[in-house]
Amino acid sequence: MTGMHQGRLNRPLIKERKMSALCGIELVIESLMMLRKTLDDLKIRYALLEEMEKSEKTLFEIQTGEGKTELAEIIINDGSGTRTGFQKQADGRYRIISTASSREESRQQKKLAGRIKRRYAYNRIREELSKQGYLVVEEEKEGDETVRILARRWR
4 MTGMHQGRLN RPLIKERKMS ALCGIELVIE SLMMLRKTLD DLKIRYALLE EMEKSEKTLF
64 EIQTGEGKTE LAEIIINDGS GTRTGFQKQA DGRYRIISTA SSREESRQQK KLAGRIKRRY
124 AYNRIREELS KQGYLVVEEE KEGDETVRIL ARRWR
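With the sequence shown counted from 1, adding 3 to any position gets you the numbering used here.
Hints listed in this document are in silico derivations from the structure and should not be mistaken for laboratory results.
Check each hint, because a few of them may be wrong.
Each computed DMTMM-like pair below joins lysine to aspartate or glutamate, with the alpha-carbon atoms no more than 20 Å apart [as the list claims (entries may be wrong)]: (1) Lys114 - Glu145; (2) Lys60 - Asp44; (3) Lys114 - Asp43; (4) Lys40 - Glu108.
As the structure is a computational prediction, the values presented were derived from the model and not from experiment.
Given only the sequences and the hints, what does the whole structure look like? Please build it.
Structure (structure tokens):
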């Protein structure tokens, strides 16, 4: 064993920028494939997924809580009827757009975004460790949603 890496995931490597109280949150999500894996891991069903996969369209309309129509590549339901879309920005990153129109819906959308951010960060870190030749040998989940990962690389 020549290398060991230990990291904590209590602060995801994903930046958050508040857009408006009811419109959306910007996440640094750079891979649509990794986003889909993250949604699958969290057992979040993509709304319109079958329609989206059968369609020749790559963008779908979503109405924001402020009444503005936006286009998104993936649309999900949060279970309470609020739809959330993932919109690709000019820099290749994705922004979350929500239909939330009340403070409670907005609060639920932020909770959902937090779950997605944490799991996305976890998946990205696991992917990067694997690319660099590390093997995860231990993973510990703590009560504050912190994940401690112990990885080793053999040469």
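Lysine 114 paired with glutamate 145 [C-alpha distance capped at 20 Å]: holds, 18 Å
Given pair status - glutamate 108, lysine 40, alpha carbons within 20 Å: violated, 25 Å
Holds or violated: lysine 114 to aspartate 43, with C-alpha atoms at most 20 Å apart: It holds: about 17 Å lies between the C-alpha atoms, which stays within 20 Å.
Distance restraint between lysine 60 and aspartate 44, which requires alpha-carbon spacing of 20 Å or less: Violated. Lysine 60 to aspartate 44 sits at ~25 Å, over the 20 Å cutoff.
Violation of the numbered hints given earlier is confined to hints 2, 4; the remaining hints are satisfied by the structure.
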